[in-house]
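S.K.: The chain contents come next:
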Amino acid sequence: MNLWQFMLHNHTEVVELTLEHLWLVGVSTILAVLIGIPLGILITRWPALNKPILGGANIIQTIPSLALFGFLLPAPWIGERADRLAILALTLYALLPLIRNTYAGIQGVDRAVVEAGRGMGLTDRQLLFQVELPLALGVIIAGVRVATVISVGLATIAAAIGAGGLGEYIFRGLAMVNNQVILAGAIPAAVMALLADVSLGWLEKRLSAN
Amino acid sequence: MNDSPDLRPAIEFRNVSYRLNGADDRELLHNLNLEVQRGETLVLLGRSGSGKTTTLKLINHLLAPSDGELRVEARPIREWDVIRLRRMIGYVIQEVGLFPHFTVERNIGLVPTIENWPASRIAERVREMLKLVGLDPETATRYPRELSGGQRQRVGVARALAADPPILLMDEPFGALDPITRAELQHEFLELQKRLRKTVVFVTHDLREALLLGTRIALMEAGRLINVQTPEEFLNSREPLAAAYKNAFGAGA
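Those sequence lines, one after another, are chains E and Y. Heads up: the first sequence begins at 39 in the numbering used here, then just goes up one per residue. Heads up: the second sequence begins at 2 in the numbering used here, then just goes up one per residue.
You may find that some hints are simply not true.
To be verified - Stretches of chain E that chain Y covers, calculated by requiring three or more beta carbons in the stretch to come under 8 Å of a beta carbon on chain Y:
| # | region |
| --- | --- |
| 1 | 138 to 151 |
| 2 | 154 to 165 |
| 3 | 169 to 176 |
Quick caveat, the hints were computed from the structure, so don't treat them as lab data. If you're wondering where the values come from, they're calculated on a predicted model, not measured in any experiment. Positions of the beta carbon are idealized from the N, C-alpha and C atoms, including for glycine.
Chain Y on its own, in the form it takes in the complex (with noise of 0.2 Å):
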């Protein structure tokens, strides 16, 4: 068995579970056990309180796990300070949630200007961001008001790459975009996958998006893993949830 830490899992959740502390304590998430592979692209797919939010909001430490343990980068994330946790992990999710005061510039520099980076380093890296997400240069000094649905995003997605996070966590990014947009983010998104081979966690419904992105898909329906498939796997598995969904998608999904 070797531990170094190249070789370990990015990401591991050992039995853990999540219960929002109310009169009912509710479990949201039930003794959850997944590993995330180094740059993999792992897509957590359920419908709406299969508990893959919550999943992915533990990675980041936006909640705390109730119960288990959960390790990022082979720590266990009580020894993280989490900051500096978050600082390496990119979030990208549906609402974009772009800084509005802010121009695309600086929303998208805000970690690296938070890290103190040299201004021209900053500078440097928003141009380089913006190519790869393929939006216009002068983009940059405009405010988020002023772009589409599909300009916010890809500004979403540059803000979450700006500090070369190596985790990259996804919560149904492009799922308020129209049927067009959202194609063209998704096929862009693969191809950046490809060159930049970062460790994804991508929250989605859409069966369709998870068999195109997904190099594993976890599917997830009432807070617990059903189990994890590659897409072809998935593709053939009599599992009767995987089989609904792929009802739910036509045969042709």
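If we strip away everything but chain E, and leave its shape as in the complex, we get (with noise of 0.2 Å):
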């Protein structure tokens, strides 16, 4: 049995699969967006914040992902299920990028402009979300779109805790030795990745375009 047929004989488990996939990186992206960009922003804000957040940050990303599950096993309540504790995770996961894209882009915006918003008397929050948000938009997706690509990848770990996902071929391919379930799961996880590689960088581009 080659790997299309494997796929097609198994159609329904490799979409259900996909889907939690797609759940789980779903899922900690959007937390990690709600979360990062306002943290980005607060550390333009309060200089002070910088180095203790940015750090923190920095710190969840050295933890070994595999270490970071079991960290956060006898959390409660997360730690009831394991698709909550893997989108915890990921969510940690995917907060570094987003708060250092969020506060790179928003401190990359021509001086000169901000100047000259805040000299003609725009509050801070206009200058926010008039001026600088929109500039930093570009730099601010290119940080959503490392984060899902590195999300998409991590996610196939969560299977070893049991959140399912594309990683429950993974695991289960190399506990057989097979390497068509490996490709099962492999593969759709990085399909899924180029996907979102390819549009993100769209949205991107045509953001920055300005």
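Join these two chains into a complex; the hints should help.
M.R.: So this is what it looks like as structure tokens:
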């Protein structure tokens, strides 16, 4: 039985695992965007928080993923279900690129433009929403793109704690020493990562055009 | 002594100093006393680091004075709501600082927009401003990157004048332009100022520009005001720094 026959034969399971994978990546990325972008904005306003926040996100990034899944296991509510655990871990990993790019994007806005805006009497809120964020958007989307692509790969490891997703096939294939089963998980995951990369790359380019 | 606000200077510096809050507490401006009269063009002339830009930024409160008192429209600066203050002061800088993601129209209409003018009045005002600074009405829909340097600075001036502020601050507005465009804009500025009679504070290091545009010239050096003179007085001045300027720009300046 070759790879295509295997995937065709198990198509309901392939679709199911792909959807689980998408769920893990999607929810965690959205959560990371909702937390990371405000944190990135925050550290442009209070530079004193810059080091602790970026440092914290950096430290999380250095924890090996398998270990992070393990660390979070005893957490209340979160630890009850494997998918919650996986989403939390993926969210934490995605934070760094989001915080860093939001910060860098806003800091990268032409100082003359910001100064002109301030001098004309824009409030800080107007400056942020009408000038800084629109001009930083390309860089912020680049952060979302990096975070998403990393998440698609990392989410395969979530199968190790029983959170499902395409990692199921990879771990099963490893246990069975069956390359086709491994590829049945790896190839859809790779395609997903590529699609995310290309579509977010397109968005990034469009939004940076101005 | 008449205290009615119209006869008081538009801007008054009383013993104003500005220090950077650093380890060395460097003083960028020392004990400045200066009055800017309503409707005049006061030029701050000096080299880099003389404190002229610092002086300008104190007026729209981009910087806060370390010492002394600064009054705008006869009112101490700390009593002003800083956003209100800035919206009645037009601000033009050398780098222009147009918003690259806004069309020319939105750039010019920004202050009227945040001041909630009705859309029709903003559109009318934008057309009026484009005409005032000598730009084609169809420039309105273009983006800043599609304009030449001279056109951009015209838009910068139009944007600063859009909400009809009584005070205009200009920080080397023509400094980055080629000599011909610069001369054009200088003459247009003179024409404009004849009509509008704004209170203008104009920063430059170019003596010719100062002599051409200024009602009075405030000569600055190393954070201190040396003197304030009319262009004629400046040309006849024996003050060493003024003489050095005249030398640097050639006797015929």
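S.K.: Are there hints from earlier that the structure breaks, and if so, what are their numbers?
M.R.: Violated hints: none; all satisfied.
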